[in-house]
Amino acid sequence: QKEVEQNSGPLSVPEGAIASLNCTYSDRGSQSFFWYRQYSGKSPELIMSIYSNGDKEDGRFTAQLNKASQYVSLLIRDSQPSDSATYLCAVRQAAGNKLTFGGGTRVLVKP
Amino acid sequence: SAVISQKPSRDICQRGTSLTIQCQVDSQVTMMFWYRQQPGQSLTLIATANQGSEATYESGFVIDKFPISRPNLTFSTLTVSNMSPEDSSIYLCSVVLAGPNTEAFFGQGTRLTVV
Chain V
3 QKEVEQNSGP LSVPEGAIAS LNCTYSDRGS QSFFWYRQYS GKSPELIMSI YSNGDKEDGR
63 FTAQLNKASQ YVSLLIRDSQ PSDSATYLCA VRQAAGNKLT FGGGTRVLVK P
Chain L
14 SAVISQKPSR DICQRGTSLT IQCQVDSQVT MMFWYRQQPG QSLTLIATAN QGSEATYESG
74 FVIDKFPISR PNLTFSTLTV SNMSPEDSSI YLCSVVLAGP NTEAFFGQGT RLTVV
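Chains V and L are the protein sequences, given in the same order.
Per our numbering, the very first residue in the first sequence carries number 3; after that it's consecutive.
Per our numbering, the very first residue in the second sequence carries number 14; after that it's consecutive.
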């Protein structure tokens, strides 16, 4: 079982719609959760961090965390073609400071 | 965030040779890491770069193949030794900045092709 799992996609959404990305993790003691966006040929860019249960909103992005279900999600509202990228879920495990990444979900926003 | 300068940005190397990648940060950092991203794959942690001591390597990575230095808080190098075509990948430096947050940021990456 992978430590951090994501649906690889591609997730195809029409422009203006909501894109919903999911991530599950296996280490129940994990405390810190992150979403990165990676454009092709570029390095990952941090877009959201979340540390406690519930929702966290930043602009068009909302991260949702449910530690009991070991589940973290990212919603992208009013999706734009510029949102087309691979989104990586990362989890900082309870022991140590290293991040474990999921396989990434490729998102395609079609005009 | 911080400015993370990683160089070279790309290189094409002959098999059997070595390449050293540099990572320089303009802010105080608590942690520095090196990742590898193979084509079409996610990120895999190679090691944690420890200041003034030997790096901590993940399973499947060894010091003889990927020696790492971190002489101070803001600078680290990763060497890919005795390269083979299987080492062709993107290598990424990552830092966690000093402060209350534990967010990690990435350098621009080094795209390595071994021929």
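Derived from the structure by calculation, the hints contain no laboratory data.
Positions of the beta carbon are idealized from the N, C-alpha and C atoms, including for glycine.
Be aware that a few hints might be false.
[To be verified] Selected chain L positions facing chain V (in silico; Cβ < 10 Å):
no., residue
1, Val16
2, Ser18
3, Gln19
4, Gly122
[Claimed, not checked] Now the in silico label distances, taken between C-beta atoms and shown as ranges:
no., chain 1, residue 1, chain 2, residue 2, range
5, L, Thr92, V, Gly18, 29 to 39 Å
6, L, Gly65, V, Ala70, 20 to 30 Å
7, V, Pro83, L, Val75, 38 to 48 Å
8, L, Val75, V, Gln72, 41 to 51 Å
9, L, Ser18, V, Asp29, 45 to 55 Å
10, L, Leu86, V, Asn9, 37 to 47 Å
Of all the hints numbered above, which does this structure not satisfy? Sort the numbers upward. Of the numbered hints, 1, 2, 5, 6, 8 and 9 do not hold.
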